[in-house]
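As you go down the protein sequences, you meet chains A and R in turn. Count along the first sequence from 1, then add 230; that gives the number in the numbering used here. Residue 82 in the numbering used here is what sits at position 96 of the second sequence, and the numbering runs on without skipping anything.
Hints were generated in silico from the structure; no laboratory data involved. Since this is a predicted model, take the numbers as computed values, not measurements. Just so it is clear, CB atoms sit at the ideal spot from N, CA and C, and this is done for glycine as well. Hints should not be assumed to be uniformly reliable.
[Claimed, not checked] Computed beta-carbon distance windows for the label pairs:
| id | chain 1 | residue 1 | chain 2 | residue 2 | range |
| --- | --- | --- | --- | --- | --- |
| 1 | A | Leu531 | R | Glu125 | 18 to 24 Å |
| 2 | R | Leu30 | A | Ile273 | 46 to 52 Å |
| 3 | A | Phe326 | R | Glu134 | 52 to 58 Å |
| 4 | R | Ser224 | A | Ala333 | 22 to 28 Å |
| 5 | A | Ala492 | R | Pro143 | 17 to 23 Å |
| 6 | A | Thr561 | R | Gly169 | 51 to 57 Å |
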Amino acid sequence: MSDSVDTVLSPSRSARWMKPDRIKELTLVGIITASVLVFSLLIDNYLSGRFFNRITTSVVIVAILAAAQTLVLITRNIDLSVGSIVGVAAYLTGDFLGANNWAGPLIAVLVAMLIGAVFGSFNGVLVAYGRVPAIIVTLGTLALFRTMLSLYAGGQNITADSLPDWVLELNRVTVVSIGGLDLRLVFLIAILVFVVLQWALARLRSGRRLYAIGSNPEAAKQAGLPEQRLVFWTFVGSGALAGLAGFMFLARIGTISATAGAGLELESVAAAVVGGVSIFGGSGTMVGALLGATLIETLELSLVRVPQVSEFWRDALLGILILAGVLLDFTLHKRLGRRLTAAARTDAGGSPPTTIGARRRAGKGSSDA
Amino acid sequence: MRDWAARHRWETVLGGILLATIVVNATLSPFFLGFGNFINLFWLSIEKIIVVVAMTFVIINGEIDLSVASVMGFSAAVMASAFAGGDIPFAVAIVLGLLAGAAAGLAQGFLIARVGLPSLVVTLAGLIGFRGAARVLLEDRSVGDFPEWFDRLGQQPLIGSIPLALIIFFSLLAVAWIILERGTFGRKVYVIGNSADVARYSGVGVSSVKLRIFVASGLAAGLAGVLFAARLGSVRGSLGEFFELDIITMVLLGGVSIFGGSGSMLGVALAMFTVLSIRNGLGLANVDGIIQTGVVGLLLIGSVLVPNLLEGIQSRRPAPEP
């Protein structure tokens, strides 16, 4: 988004209620509601407490990864290695818990996040200080981390019976139960993560600075922002969140092989992009990412229950969904952008984004019809 | 000679790496330098390097195509399911497979070039979507029993000891080289990659060039998918999965800038040969495939990091003469 520096750095003063982000989020809520309604017509017994519980527990992993991806995307970077970090963290944490049965949940989570952060910092150093484009670094580490894991694993799996009992019961721990709707612990942890991150991005100075960097890296550097340090830390944060997701993966699946978590990187990008996080950087919210993850998870879990749809349609529909999300975002963005520019008379759009292969064409699209 | 090396620094470095790889491989294994191994080395990855040729255009043009491996699978699946449906001659099924690849490229190219969506997102959706489409077509079946002539084309040498796929690849490479570095179309590709805005103001038909490149990329992926089906003798929905990493790595290792606008066919050709030699050498030394993948990942990062570091060192020295 090409906000003026004022709006970017002091959000409280811009009291415009209907900001583009809010509109995107409301649209998503609308789409989620509409699709739930459609599915409830197609599937018997769809609107049950059990289904709510299933979605809320299974969305957790993708949602946390979407948060990680959002953090990085906002700064106009990308992290394609999160799936591999999930695998590494899940495996190593499982290994650790197998050897140290005394360790409790808190220690396990910290271990997983630490492992993730270490791997993330490797990405961060290369992107921020090595000046290697994030897509190259993380495409490389996607392979590299996976290789390291399979060398370490040597064909051995982490098995469920080597883990302490509490790990596998974690997914079923319910904090409160309202009617048939259980609020599970893992879901509440994910929500907590989102609340903290949303607050940090919207209110903290470093959070706002991430948007400034993503909107215009050159300008951010000129303005004296510690661009390299911040980018480095977003990759560490992304890694740590992927580590947390790895722990949740371990708790859900129990049996971890060297290929665990492969492909999650694409789902995380998909969730963030559907949630309105711009691939050009500088725009997107944690709320949006959570809604994007929820929408994708709802569709995936619901489609397999529609009798007319074969399970093989899953990926094809997911691809179409991402495209639809991007098209919608693009159209909204353009219209609102134009209106806001006219209203604010700021220097919006002065710097065409030069993200890898992603140069938006300057106002000649056909989407304004 | 020294002039050439100064102007083509990256190609020179690559040539050095390649030479070192060849020497190491030749000392490690007596089989490496044989003509048979040379054919083998290309043949085993021929589908990837066919796509690499097209991907070079895409990336120099400032875009990316993450969907190629899925389009390979999709085209092969279209061909296989048309064949399994019966009633039509197999040649028609092949044409349908190729058309499916071109259509996939056209659809994505339209969204990128005409609508203006970022290629990273469009082709990410393509990566997931076309793989999904291949699975929709074939479900979890494996379709094989193709006509004998098709399998023979894929699995046996055509002229002397050279198989059809190698002939296709080398002619494609030659044609692409000429188009990219000798023709006006090639100049346009570079100009657009440097700055699409400048190109537009200079009257270059940016979106038609981009569209054609994506169609070519889809068609190349389709061709690779069909050839891969011939070499394997059967098609599954997962055909070609995860090839995109190797393909993009080879292009970037060849010195093509991920931001577009620079790179050469010679560099990419050297990079292909280097990656294939490394994989082949590691294979001859009985190193596991997953480690080979890790090595390729390291190479990818190194191919950008090392020049960056060198530049950093050089800029600290007083510059002698530009």
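- Query: Going back to the hint list, which numbers does this structure go against?
  - Reply: Result: hints 4, 5 and 6 break, sorted rising.
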